[in-house]
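There are 2 protein chains.
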Amino acid sequence: MTTPPPAQIGMRLDEVDTPALIVELDAFEDNLRRMAKELEGTGVRLRPHAKTHKCPVIALQQMALGAVGVCCQKVGEAEAMVYGGVSDVLVTNQIVGAGKLRRLAALARRARIGVCVDDAGNLDDVAAAAEEAGVVLDLYVEIEVGMGRCGVSPDQAAVALAKRAASKPHLRFMGLLAYQGAAQHLRSPEERAAAIAFAASRAGEAKALIEDAGVKCPIVTGAGTGTYRNETASRVYNEIEPGSYIFMDADYARNRGAGNSTFDDFRHALFILATVMSRPKPEIAVVDAGLKALSVDSGMPGIEGVEAEYLGASDEHGKLHLAASARALKLGAKLKLIPGHCDPTVNLYDWYVGVRAGRVEAIWPIAARGAIT
Amino acid sequence: MTTPPPAQIGMRLDEVDTPALIVELDAFEDNLRRMAKELEGTGVRLRPHAKTHKCPVIALQQMALGAVGVCCQKVGEAEAMVYGGVSDVLVTNQIVGAGKLRRLAALARRARIGVCVDDAGNLDDVAAAAEEAGVVLDLYVEIEVGMGRCGVSPDQAAVALAKRAASKPHLRFMGLLAYQGAAQHLRSPEERAAAIAFAASRAGEAKALIEDAGVKCPIVTGAGTGTYRNETASRVYNEIEPGSYIFMDADYARNRGAGNSTFDDFRHALFILATVMSRPKPEIAVVDAGLKALSVDSGMPGIEGVEAEYLGASDEHGKLHLAASARALKLGAKLKLIPGHCDPTVNLYDWYVGVRAGRVEAIWPIAARGAIT
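Listed in order, the protein sequences are those of chains A and B. Sequential numbering of the first sequence, starting at 3, is according to my numbering. Sequential numbering of the second sequence, starting at 3, is according to my numbering.
No lab work stands behind these hints, which were simulated from the structure alone. Nothing here was measured: the structure is a model prediction, and the numbers come from that model. Yeah, the Cβ is synthetic: ideal placement off N, Cα and C, and Gly gets one too. Please note that a few of the clues may not be correct.
Anything over 12 Å on all C-beta distances counts as not near chain A; from chain B, calculated [said to hold, decoys possible]:
#: 1; residue: 67
#: 2; residue: 188
#: 3; residue: 199
#: 4; residue: 207
#: 5; residue: 213
#: 6; residue: 363
Listed next, the in silico EDC-like pairs over lysine to aspartate or glutamate satisfying Cα-Cα at most 20 Å (straight line) [stated by the list, open to error]:
#: 7; chain 1: A; residue 1: 332; chain 2: A; residue 2: 285
#: 8; chain 1: A; residue 1: 332; chain 2: B; residue 2: 127
#: 9; chain 1: A; residue 1: 39; chain 2: A; residue 2: 266
#: 10; chain 1: B; residue 1: 332; chain 2: B; residue 2: 266
#: 11; chain 1: B; residue 1: 283; chain 2: B; residue 2: 309
#: 12; chain 1: B; residue 1: 165; chain 2: B; residue 2: 133
#: 13; chain 1: A; residue 1: 165; chain 2: A; residue 2: 127
#: 14; chain 1: B; residue 1: 283; chain 2: A; residue 2: 157
#: 15; chain 1: A; residue 1: 332; chain 2: A; residue 2: 17
#: 16; chain 1: A; residue 1: 332; chain 2: B; residue 2: 126
#: 17; chain 1: A; residue 1: 170; chain 2: A; residue 2: 126
#: 18; chain 1: B; residue 1: 170; chain 2: B; residue 2: 134
#: 19; chain 1: A; residue 1: 336; chain 2: A; residue 2: 17
#: 20; chain 1: B; residue 1: 218; chain 2: B; residue 2: 207
#: 21; chain 1: B; residue 1: 336; chain 2: A; residue 2: 266
#: 22; chain 1: A; residue 1: 283; chain 2: B; residue 2: 157
#: 23; chain 1: A; residue 1: 170; chain 2: A; residue 2: 127
#: 24; chain 1: A; residue 1: 338; chain 2: A; residue 2: 253
#: 25; chain 1: B; residue 1: 338; chain 2: B; residue 2: 16
#: 26; chain 1: A; residue 1: 332; chain 2: A; residue 2: 309
#: 27; chain 1: B; residue 1: 332; chain 2: B; residue 2: 17
#: 28; chain 1: A; residue 1: 336; chain 2: B; residue 2: 17
#: 29; chain 1: B; residue 1: 332; chain 2: A; residue 2: 127
#: 30; chain 1: B; residue 1: 332; chain 2: A; residue 2: 126
So that you can see chain A by itself, here it is in the shape it has in the complex (with noise of 0.2 Å):
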């Protein structure tokens, strides 16, 4: 259900109610700005992944400064962003169930649609669905390039699947989705080079092999935040999908100066406004965020400012352990913690807080929390 604001415009910071979702806006600009600077000149599309943040307010900033369009997983959220005014959405994922199918195809009559398919039946069904809708969709064949998820085989099976596209009057095949996941979180640059020139050359493999079939495949799109470097200068890959550059979260900073500037260059711009609510031991202070404020499964959250450590997360409380030098807090303190992990962090909340220079500027509504289905 949705929850009332923890802010009201024109607040202080530490008037805010807590847990908040914070985004510090200078920081966050920033980064869009990084990320749009970087791209300039390189040929390579920016579609930044709305996973990340489910907020068409931020996708339509992500557009201003240069993105073709945004990328989805979830029907939902790409209800939630054609509704909010995107008029390009990408769904990086496999659509399955005719109901879905059938949402799909109508959003299609208000923005360009995309959806990816490692299926001969579930094409048919997505085609079904865009012929019922009067509409075209844009149809990505998914291939399996090192993250053992999803996706067909980079060779003949991803040549049918193109065919096959080609073929059907209300789907426009327009290329690959050649996804990485596992390597996002590789610890060094090495690795993750490693693992990116090994998916281009599987991608690369796969085009040359659709187009000596006469598809034409204009589009070979992937990359996260941990590697969108390699793909950009890939020559393979001519868009990239980042979404946590935005926010940058506490995993991704583990990662920085690990000879690899991209951690580096984007700031913390996400946190999660908490309040000491007991003072056990003068060691010990307990905050009221949680596993229901904060996702843990990359590793517990950072603290900002405050020489202390995050020990562990209960269901409403967060433990965390005080250096000499942070002893002095007080009960009722409020503390700026930096998520583990940005994205299922962000579906817990209803609106981000956004705070320029101590102030609240800006409440967006997460239009696509809980937009699971």
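Assemble the complex: chain A is given as a structure, and chain B must be docked to it using the hints.
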């Protein structure tokens, strides 16, 4: 943002959109009755924890079977309960901050409201909020009994807070919260029994000290699904607060057969209905329920009725390894997953889909979904 329900009354289970949060009503009602029956004649009150279900429709069913009221962890949850018709709510947590205390006190105009403290300054703030609202709040002192989270020592520190509470005209000192959360998930019944024996002895000592100081201490409350039989038998606790027993998650189920019938007596009643969205290999299926559809903090979900293992979750995908017997599983098939941890999983959904004999019978709003302030 509130999402549309994934089902309609009367649908067959296999027509429900996915991912969806399913309550098997026969199992759920069995669980409610079992707990009620078990407490008959013990003199121990049941105050189930609503942080598990976040749904006043469920709370009222628990009260109809004898529960005295419910527990909550957050003011927002208490609001959802009171506005949903629940007449007695104990917030088993510290509430810090003037805005939150004002909201809490306002609820006491419509229901009996209790709250916990572990700090004298916070106790004064609670009393001031009650006075300002012209209400009386039930006040419990949280004592530390082995979990190492919040709570004061069960000694003169607890006595001092009890006396302070007793001196405030707008507070009604009710007793002690002595919750041993760490004991809930201990694997052996001997470990759980030892942890609760320790907690009960500390709580009993604190109660005696408080009563020796001339302050009545009518209630000692605590316990969860993992240990409630120990507290019930302790002769110290006279109220228990289990939450998960209504649903029985995969983590609690791992204790089955370990010499303690607690976990055998409750049935799995909560499931995530998921769709197979990719079949990349004979032994691998990918479902549409990942980190945004279920919480993995206490391990991966189980799978009902299919020989398969949920290997890992990414944000929107779950990867399953299929045993030989399961390899006929088709794209589009629907599976029932058993959440590893019910509380944070429920918090991802807006609706329960209540199912009996394969048909949708009820769709209940999860009114306190996202109510973290």
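Now for the hints, and whether the structure bears them out:
Every C-beta of chain A lies more than 12 Å from that of residue 67 of chain B, the closest at about 24 Å, which supports listing it as non-interface. Against the 12 Å criterion, residue 188 of chain B stays outside the reach of chain A, whose nearest CB is about 15 Å from its own CB. Once the 12 Å rule is applied to beta carbons, residue 199 of chain B is consistent with being away from chain A; the minimum gap is 22 Å. Once the 12 Å rule is applied to beta carbons, residue 207 of chain B is consistent with being away from chain A; the minimum gap is 18 Å.
With a least beta-carbon separation of about 24 Å from chain A, residue 213 of chain B lies farther than 12 Å from that chain, consistent with its non-interface assignment. With a minimum CB-CB distance of about 20 Å to chain A, residue 363 of chain B clears the 12 Å threshold, and the non-interface call stands. A hinted pair counts as satisfied when its Cα atoms are at most 20 Å apart, and residue 332 of chain A with residue 285 of chain A qualifies at roughly 12 Å. Note on residue 332 of chain A and residue 127 of chain B: the hinted pairing holds, with a Cα-Cα distance of about 15 Å set against a maximum of 20 Å.
Note on residue 39 of chain A and residue 266 of chain A: the hinted pairing holds, with a Cα-Cα distance of about 15 Å set against a maximum of 20 Å. With a C-alpha separation of about 32 Å, the suggested pairing of residue 332 of chain B with residue 266 of chain B is violated against the 20 Å cut-off. Taken as a hint, the residue 283 of chain B and residue 309 of chain B pair is honoured in the structure, with Cα atoms around 16 Å apart against an allowance of 20 Å. For the hint linking residue 165 of chain B to residue 133 of chain B, the alpha-carbon distance of about 18 Å falls within 20 Å, and the restraint holds.
Restraint check for residue 165 of chain A and residue 127 of chain A: the C-alpha separation of about 16 Å stays at or below 20 Å, so the hint holds. Proximity of residue 283 of chain B to residue 157 of chain A is assessed by CA-CA distance (about 15 Å); at most 20 Å being required, the pair is judged to hold. Note on residue 332 of chain A and residue 17 of chain A: the hinted pairing holds, with a Cα-Cα distance of about 16 Å set against a maximum of 20 Å. Annotation: proposed proximity of residue 332 of chain A to residue 126 of chain B holds, straight-line Cα distance about 16 Å (limit 20 Å).
Among the hinted pairs, residue 170 of chain A with residue 126 of chain A is consistent with the structure: their alpha-carbon atoms are about 9 Å apart, no more than 20 Å. The suggested pairing of residue 170 of chain B with residue 134 of chain B holds, with an alpha-carbon distance near 13 Å, which does not exceed 20 Å. Between the alpha carbons of residue 336 of chain A and residue 17 of chain A the distance comes to roughly 9 Å, so the proposed pair stays at or under 20 Å and holds. Distance hint between residue 218 of chain B and residue 207 of chain B is fulfilled; the C-alpha atoms sit about 14 Å from each other, no more than 20 Å.
For the proposed pair residue 336 of chain B and residue 266 of chain A, the alpha carbon gap of about 43 Å is over 20 Å, so the pair is violated. Proposed proximity of residue 283 of chain A and residue 157 of chain B is supported: the alpha carbons are some 15 Å apart, at most 20 Å. Taking the CA atoms of residue 170 of chain A and residue 127 of chain A, the gap is about 11 Å. The hint holds against a cut of 20 Å. The hinted pair formed by residue 338 of chain A and residue 253 of chain A meets the criterion: a straight-line CA distance of about 16 Å does not exceed 20 Å.
With a C-alpha separation of about 10 Å, the suggested pairing of residue 338 of chain B with residue 16 of chain B holds against the 20 Å cut-off. Taking the CA atoms of residue 332 of chain A and residue 309 of chain A, the gap is near 14 Å; set against the 20 Å cutoff, the hint holds. For a cut-off of 20 Å, the pair hint linking residue 332 of chain B to residue 17 of chain B stands: about 16 Å separates their Cα positions. For the proposed pair residue 336 of chain A and residue 17 of chain B, the alpha carbon gap of about 46 Å is over 20 Å, so the pair is violated.
The straight-line distance between the Cα atoms of residue 332 of chain B and residue 127 of chain A is roughly 15 Å, inside the 20 Å bound, and the hint therefore holds. Taking the CA atoms of residue 332 of chain B and residue 126 of chain A, the gap is about 16 Å. The hint holds against a cut of 20 Å.
The earlier numbered hints that this structure contradicts are 10, 21, 28.
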